[in-house]
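A.B. asks: Sequence:
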Amino acid sequence: PQDKLTTLLSCAFALISPEATSIGLPDFPIDNIHRAAKLLDTFPWLNVSDVLSRLYPCDYLLNKDGNNSVNGLLETFKVGDKFNKTRNVLVKPTPDNSLVTFSVNGHYISIPMPSGLFLGDNNIRPLISNTYHDDFLTSLIESHLVGDICIIGPRGCGKSLAAVRLAETLGYSIEPVVMYQDMTSRDLIQQRTTLENGDTVWKNSSLVTAALEGKLAILDGLHRAHPSTLSTLHRLVLDREIQLYDGKRLIRHDRYNELESVYGVEQLNKCGILRIHPSFRIVALAEPNMPHTVPWLNPEILTLFLYHEMRPMTIDEETHIIQSMFGKLPRSVYKVLEISHILRRSTDATLLSLASSLSTRQLIRIAKRSVTYEEEDPYDIIQRACLSKFLPQLAKQALETVLLRAGVVKGDKDDDSRKIMVNDREITIGNTTTPVFHTTATSKVPDILFYDVPQHVGLLEKMLQDFLLGEHLLLIGNQGVGKNKLTDKLLQLMNRPREYIQLHRDTTVQSLTLQPSVQGGVVRYEDSPLVIAVKNGYVLVVDEADKAPTNVTCILKTLVESGEMILSDGRRIVPGNDPRVGNDSNIIPIHPEFRMIVLANRPGFPFLGNDFFGALGDLFSCHAVDNPSRISEIQLLQKYGPDVPLDVINKLVSAFGRLRSLADQGLISYPYSTRELVNIVKHLQAFPEDSISDAVGNVFDFDRYSKDARDTLLEVLDEYKIPVAMTSEERAIQRKRVQMTIERDSGKGMSGPKHGKVDEKNEPHVGGNTWAGGTGGRDTAGLGGKGGPYRLDAGHDVHQISDEEKAAVPEHIRKAAREMGLKAFKQLLKEIEMSEYDHNLYQQYSFPVEKQVQALRVILNSLQAKSKERQWHRHQTTGELDDTKLIEGVTGEKNIYRRRAEKEPEIGSPQLKPKRLKLVVDVSGSMYRFNGYDGRLDREMEAVVMVMEAFHGFESRFQYDIVGHSGEAHCIPFIDKSQPPADKKQRLNILRIMHAHAQFCMSGDYTLEATEYAVKKIAEEDCDEAIVIVLSDANLSRYAIPPKEFSAMLTCDPRVEAYAIFIGSLGNQAEKLCNALPAGKGYVCLDLKNLPHILQTIFTSSMLKSA
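Residue numbers for the sequence shown, in my numbering: 60 to 1166.
For the record, the hints were derived by calculation from the structure and aren't laboratory data.
Accuracy of the hints is not assured; some may be wrong.
EDC-like cross-link-like pairs, simulated, lysine to aspartate or glutamate; straight-line CA separation at most 20 angstroms [claimed, not checked]: (1) 816 with 852; (2) 123 with 78; (3) 394 with 368; (4) 710 with 748; (5) 63 with 124; (6) 710 with 670; (7) 845 with 819; (8) 387 with 459; (9) 262 with 749; (10) 394 with 433.
Taking CB as the label site, the calculated pair distances span [said to hold, decoys possible]: (11) 940 with 1032: 52 to 60 angstroms; (12) 492 with 1134: 52 to 60 angstroms; (13) 382 with 538: 37 to 45 angstroms; (14) 268 with 538: 55 to 63 angstroms; (15) 579 with 176: 54 to 62 angstroms.
All values reported here derive from a predicted model rather than from experimental measurement.
The C-beta atom is built at its ideal place from N, Cα and C for all residues, glycine as well.
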């Protein structure tokens, strides 16, 4: 209809106007307007908003501000709501294509549609339908008529299934193409190979095969491919033409038909001109643009496809599907569904990241397991699915808060009475029994020494249960906790043969699947362990999966998810029931007994490997492997060393437990595991004449070369009376606390504010108006009184007069006291600028946080090192031989090498921006007033020292500033991000200024104003990530500030991660206030040692999240 077309054109040209460009909106793909017009003309029930969303996917293309701008524009042109009524589809085959009949509101419209060669073969798998997915499939069929499609949606929402349903509905054969980061145009179009006689030839890729044979090419992971590789698709998608590397040319079917009528087929074949099948289509699958990365969905890519945004299912939709699959569900499954949708609806980035661990795919797996094995503990299910053991402290706390509010609490302790029983016919682990597998490949069955302990037996039972359900397993844990041992023990018990492959940073897609070599001038491909396991039904153990680049391990996705994979030599792995099995020598069916067990280190600090769990975790049944509990570990060590005294084993277990705790906190870099403990005990068992110091030295000798690690180790081992053969340095002498107060001459007269007399004996004085440092008096400097010029803490108990009595002070006395306080404050600032560096005074605040500073610097250093990690540069004339260019080497090419070097920023990539921290400190009078009560001002100053010391030297990537607030102002600058203190003298001056302000400022509170100002100010900056931390006492109720208002200030801008740490509390004020804030946003710190650890937790969680 003309009115719809007019509206469509108006919207399109508005989105490419200078005004739209000025607010940062990507260019609208105006070249695709003819496709939109055809959709409106063919399907009259579609509105303009339906068509616009397929050309310009706002929800996943733009940020919140961009979406608001576009929505405002659409409201101006009154484009109407999207068509959301179900339209039924009936597909009938015809000689040339298919006839698709749409039933909409009782009307039937039949439209010819391109289709595959297998339409009508009854190859559609029975699926559980719901309204949303049926409508989504119908919309795909509509777009299929006019062009290629891209489905965008978060991981695990059902994109692959939607593409498969489209193919089955229209009778297509699928050609899967797994996209990965280092994929080249040759990988996408044609590759070189050799014949038996050594001749080199070009071999068509799956994409070209699909184009020639009229198949549906599914490009899985479009967002992972390099932009230069995607540019190869432009001519194929837009013009249906492409030039191949062997000189041949593929052209659109109608153009080919015209040339055929003039020149004939033989002549065209001779010229290398081939026909693209009219039914050929591409369906790309991709995830949305990620923040802080180069957006893959840019104006250039927008022109290629019609886009369909796929959302995760609602709780009702997921419940319907799961109930239809498994019938009556345990209560635990409903609770897990509820929690998963609470996480998905959250606006908190931390909780949203956890939601991906409970995708639809994972929820189906959870329901299957719960129904089969009657699992009733939703707490345990969620903890296992999210791998909460290895979450950063902030994420773990946020998850615990969500579970607590939903009524999900930890259940009873696991049963420690599980046993392993084996006979010739079957094995039983706990309550799970399975027959022993019969195999002729006995040499591939592991045979290891393994001692049963309760914790490991329980984990083995869970692994066995998932194995019997047909799942592939993922084991994640620290180094040395027994991942390989557990895997081998399980396979040994079941009598299962295995293939083993260990990944590393240099693992490539080719080396993961095939191992090429040149023999007699001919390239031969030897099957990798992966292919051997697939063929023979072995268990493939993939070790160190986190070491390989994520784009390499992502090729496992289609193998695990759909059972398909295309190998470098042209062979294809397919499911065992695929109709092509037996008809093509290049088809490799997956053996029904094939399984995969993947082993990886925990994500994040301290290993900083690639996050395999984050990328592919929901494809596997995941198990967290931790060091055994104390009881299990003692039992295990006693079996390895029956003659080792029990008190020695107890000491070792206690010491290692302490070291692991320090590793989790980041205070030492290596998480000492059960592996090291076992080695020590085995040494003592084999050589009883050796001392314990000799055995321990075998593990810790390397750490003697690190001063910080050595000091920590010596302290821990000494605590548990474990001798070590290392030279011990003197322990740090406890430094005597230095009182930070400023002495002044007394004023004249007794009728106004004055400093007061100084008592050389420093005896407590209560009441009166004579002595400086007294409490509860008047006129003099002290605490708890009225009319004095400023606060002065002499270290005595405080006698506090009432607020009513303080309010009764005459105005002229208040004014005189304020003037005297300001004069003293200015004089103090003058002295600070002129004073010498006072080492003892600075050590008072820096010494308690030395270890925390060290831990935070380790984290910052690792992040900086990770950002500069070297990568492979291909097409080099020197270096290591690139195994993907062996044929080029045979033909004489020179640039067949690769070498590692720091990668230059890609053209168009955003400039590397620093992470920003703004620390908001409370320097109000109450901080000084109650410092003697709970040390709140001292703790705050230690936190400031920690930030200043830890961030020194990292200014290029991490910038910080520190501002304060008191009763006088909401933004008192102490440190500017452009001028951080360079030495200890400057840092000490910052502390003195903070202390002095708290001592001399007026009463009052600007917490809300300071928080809002800090959040909004840092949000305006162009930075990689913005963090605001508010240090405050919990004295908000005194100023009638409700927690809801404080929560609103912390969350007033979604671009900023803001947190509050309460370092002072009268009674349980801080705890109540913290509980009233959003999950993970508030902390209570009344213990002097905990504040640096809380700061470290926030830094680690936030920085590792986007590193």
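A.B. asks: If a hint holds in the structure, say so; if it doesn't, say that too.
C.D. replies: Status of each hint after checking the structure:
{"no.": "1", "hint": "816 with 852", "verdict": "14 angstroms, holds"}
{"no.": "2", "hint": "123 with 78", "verdict": "18 angstroms, holds"}
{"no.": "3", "hint": "394 with 368", "verdict": "28 angstroms, violated"}
{"no.": "4", "hint": "710 with 748", "verdict": "19 angstroms, holds"}
{"no.": "5", "hint": "63 with 124", "verdict": "27 angstroms, violated"}
{"no.": "6", "hint": "710 with 670", "verdict": "35 angstroms, violated"}
{"no.": "7", "hint": "845 with 819", "verdict": "23 angstroms, violated"}
{"no.": "8", "hint": "387 with 459", "verdict": "28 angstroms, violated"}
{"no.": "9", "hint": "262 with 749", "verdict": "65 angstroms, violated"}
{"no.": "10", "hint": "394 with 433", "verdict": "14 angstroms, holds"}
{"no.": "11", "hint": "940 with 1032: 52 to 60 angstroms", "verdict": "58 angstroms, holds"}
{"no.": "12", "hint": "492 with 1134: 52 to 60 angstroms", "verdict": "47 angstroms, violated"}
{"no.": "13", "hint": "382 with 538: 37 to 45 angstroms", "verdict": "42 angstroms, holds"}
{"no.": "14", "hint": "268 with 538: 55 to 63 angstroms", "verdict": "44 angstroms, violated"}
{"no.": "15", "hint": "579 with 176: 54 to 62 angstroms", "verdict": "40 angstroms, violated"}
In terms of the numbered hints stated before, the structure departs from hints 3, 5, 6, 7, 8, 9, 12, 14 and 15, listed from lowest to highest.
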